[in-house]
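S.K.: First residue of the sequence shown? That's 1 in UniProt numbering, and the numbers climb one at a time after it.
Calculated directly from the structure, the hints in this document are not laboratory data.
Quick caveat: nothing in here was measured; it's all calculated off a predicted structure.
Quick reminder that beta carbons are idealized off the backbone N, C-alpha and C, glycines included.
A portion of the hints provided could be inaccurate.
[As the list claims (entries may be wrong)] Computed Cβ-Cβ distance ranges for the label pairs, DEER-style: (1) Leu283 / Gln372: 48 to 58 Å; (2) Arg37 / Gly141: 48 to 58 Å; (3) Glu302 / Gly141: 43 to 53 Å; (4) Leu318 / Asp368: 29 to 39 Å; (5) Glu68 / Arg37: 15 to 25 Å; (6) Glu277 / Thr344: 30 to 40 Å; (7) Gly299 / Thr344: 14 to 24 Å; (8) Leu8 / Arg87: 45 to 55 Å; (9) Gly141 / Gln309: 17 to 27 Å.
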Amino acid sequence: MKRLMNLLRGTVALCVTGPFPERLLNLCAQHRLDFWRLEWLDDHTVRFTARRSQFRRLEALAERVECEISVEQRRGLPDFLLRFRARYAFLAGLALALGAVAFLSRFVLTIQVSGNERLPTAVILSQLRQLGVYPGVYGPGIDRQQVAQEAQLALDDLAWMGINLHGTRLEVSVRETIPPAEGVDESGCWDVVAKTAGLITHVEAERGQAKVIEGDTVAAGEVLIAGNVAMEPPEYSDLPTRYFPTHARGRVWARTWRTITAVIPLTAQGKDYTGREKTGWSLTAAGRRLRLWGCEPEGRWEQTSSAHQAALPGVGRLPITLRRETWREYALSSVPLNREAAQTLLQQRLLVHLKDVIGPEGEIVTEDYAAQVEGGSLKVTLLAECREEIGRERETGAVTDGPEPEENGKTGRAGENT
């Protein structure tokens, strides 16, 4: 640390010659003038190092003891800067650079958003840009409290927003609203109907009146659990049957048979590269793009790009990106596909689609595939037996009394064609 301070303040290496050089050393001690690296060259010559600011006082003391003092070396920042006192262009450039750093450090270079989980960061940044806050804006000119309030009012998912400015970095902290608990809609009269045909294996009627039992065969759209619950009149009474409308709920499991088909052409378009390439450069700063070299060619060209974003230690990434774009010319060609690979691909996609249809609780009992070529295309059909929950809710009309409401659908066994 002491060495660094000496370099900042400047030091001089002195050579003192006289009849009694030790008298000068005694005077330095009396006047509390620091010196170090003392070296006796002979009986009348001594060399040492002192501070640059004390050189004039040392010259005066040397005259008192009839000694000659000469400077052998000057070191430190002051003497380094004195070399450029006649170089006005350098001094002007240095002043402009320091002024530019002081001025540009007042602008926002990066915006960091924290605290959001459901609301995307891009949505918050887009709203801030509409309010005039974006990389490149003058930081002290931002009314942070006003911007935070307006952004909070514009974004329904935000409960609170705070904006803090740290030099060139703008920190945006948010708190999201707590989503309300999903309530259960008990209004109206709803039936649970079959979304596909199947053979009933299990019925769990939580609310409403079950219309099917295990072993029944149902068609798509047939009522499984009725929302109009029948209330039989007393025995030997002439009163009509009354119905209590409710929102039917429950789970109905069934064996189902599904048929799903997918088609893919056996030829595809490929790319034959001609060997011609073009390169372009562009610079993006504060959201504005400036093309430096090259332009996008017309015709069939494949584009690839690589980006290099500027960054500063302690600040992070800056909104300055240098992008290199490369275009390669190509011509379209017809490429035959491998039939086995195409069939395997379709089988995998059909199986994924079937799992999405029957849901995570569904089970595939058996599966079989049939493949054939038709008109240059490969057609793959999946035949599967599944166990799945087939109930879905459907609103119906409420009945209070009178005959039992009609049920849509007939019993039977059918599959699904997709």
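S.K.: Each of the hints needs a verdict: does it hold here or not?
M.R.: Each hint, compared with the structure:
| no. | hint | result |
| --- | --- | --- |
| 1 | Leu283 / Gln372: 48 to 58 Å | holds, 56 Å |
| 2 | Arg37 / Gly141: 48 to 58 Å | holds, 54 Å |
| 3 | Glu302 / Gly141: 43 to 53 Å | holds, 44 Å |
| 4 | Leu318 / Asp368: 29 to 39 Å | violated, 59 Å |
| 5 | Glu68 / Arg37: 15 to 25 Å | holds, 19 Å |
| 6 | Glu277 / Thr344: 30 to 40 Å | holds, 36 Å |
| 7 | Gly299 / Thr344: 14 to 24 Å | violated, 36 Å |
| 8 | Leu8 / Arg87: 45 to 55 Å | violated, 21 Å |
| 9 | Gly141 / Gln309: 17 to 27 Å | holds, 26 Å |
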